[in-house]
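Visitor: As a plain string of letters, each chain reads:
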Amino acid sequence: MIALLARDLRLAVRAGGGFGLGLAFFLIVVILVPFSVGPESGLLSRIAPGILWLGALLACLLSLDRILALDWEDGTLDLVATSPLPLEGVVAIKSLAHWLTTGLPLVVAAPLFGLLLNLPVDGYLWLVFSLLIGTPALSVVGTFGAALTVGIKRGGLLLSLLVLPLYVPTLIFGAELARRGAEGQATTTPLLMLAGITFGVIALLPFASALVLRINLR
Amino acid sequence: MNSIWEYANPVKFSKTAGVVVPWASALAGICLFVGLVWGFFFTPDDFRQGSTVKIIYLHVPSAMMAINIWVMMLVASLVWLIRRHHVSVLAAKGAATVGVVMTLIALFTGAVWGQPMWGTWWVWDPRLTSFLILFLFYLGYLALWEAIDNPDTAADLTSVLCIVGSVFALLSRYAVNFWNQGLHQGASVMRAGAVTGTDTEEKVSNIFFYPLLLCIFGFVLLFVALVFLRTRTEIHKRRTSALLARERLG
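Protein chains in written order, with the working numbering: chain A, 1449 to 1666; chain B, 5 to 254.
Same shape as in the complex, but just chain A:
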């Protein structure tokens, strides 16, 4: 499993676009926002947590079809599926690799982008914290979507249509946590809900992903 994780990470780094692409996309989303809503700093700082969350979600979505599609095309996935590893574990490792290559860089870079959007000082910690808790859920749910559409040619758009509704609860609670944190309001409820969603999907969704992957490999 560790070898698989290391392989995925190496591929992401060497093939290019793993770390860089998501971050660049995130940066562009953040830059486009002041152009579209106007550069007024009061307004920007008010909407900053939501925009940053949305940007992170879109950057995550962009890289979802890389999780399984490349391995599917060159046959690696069949090999891995017939190896003694349980497929649930493989899927979990794939999600972890995806999170390490897209989610974690986003978490680290988020304060910098917060600066661009004039995020209030109190908000930085909460933003990073909410992204740290929330982005694993995005990766795990995304892996489920990728497993569903892996057998479909040019399934990228369909993948977005399937995954975006599933992202709604995570986005709501993540952005709410960041916003409340930035405004100094009570954060317990969104924090608990967000953590609940993340741990829940980590515990349950790999089984569903492995199930649909088995169906697709049949």
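It is worth saying that the hints were derived from the structure and are not from the lab. Don't be surprised by glycine CBs; every beta carbon is placed ideally from N, CA and C. Watch out, some of these pointers could steer you wrong.
Over the 12 Å line for every Cβ pair with chain A, so calculated as not near, a few chain B residues [stated by the list, open to error]:
(1) Phe46
(2) Leu136
(3) Ser176
(4) Arg234
Here chain A is said to cover these stretches of chain B; the calculated rule only asks that three of the stretch's residues, wherever they fall, bring their Cβ under 8 Å from a Cβ of chain A [as the list claims (entries may be wrong)]:
(5) 22-28
(6) 161-167
Starting from the structure of chain A, add chain B where the hints point.
Guide: The following block gives chain B in isolation, referenced to the frame of chain A:
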């Protein structure tokens, strides 16, 4: 002997559908005709809402159906995954198309109703928002069906999506509830307290309730007719493609 699983046999199902479809559609037609005519022309205008209240006869039944159809799809998907009855999953597929139309009707009539009442076509209210998300789930479900060539793979994948989607739809429902406070009124048609008579305060008045009940029955019957019809069509389509394949081989 007379177990419900007998109807998993496509031939038997088709025969049953042949009996059910005309009866259900006729009854649905009667219920809807009487209910709508009664509702539109023979009930008084509401003292606050005027004649716009009459959208209720389309809005409430379609909204109820939109949710219940997804539940029915969930059950059908589970039956398919557990017992591999093809008819079950085809029924889910047929129901999804009806469900997406019902959701659209509910959203549209809601907007038309909301404009004069709230002064806006759309607000980001929990009920409205979760319906929009439900609509997206229906679209995703149907799109996945269309995208996959192998019918059994498609059935399996959409069933899993339906189950996972149900969990997330429920989660979204409460998430958006938390996210924003609503303009839409709470449940006022079917409430336990209202039926037993312990609270009559916010319940829809009986003058409006009886035709509404008739419309709800009409929508349910219409759904039953459409599902049987669509499922039978799917079975026939499958049989046709199997015959064509055999012809090509032979």
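Visitor: Hints numbered earlier in the text: which of these fail when held up against the supplied structure?
Guide: Structure breaks hints 2, 3 and 5.
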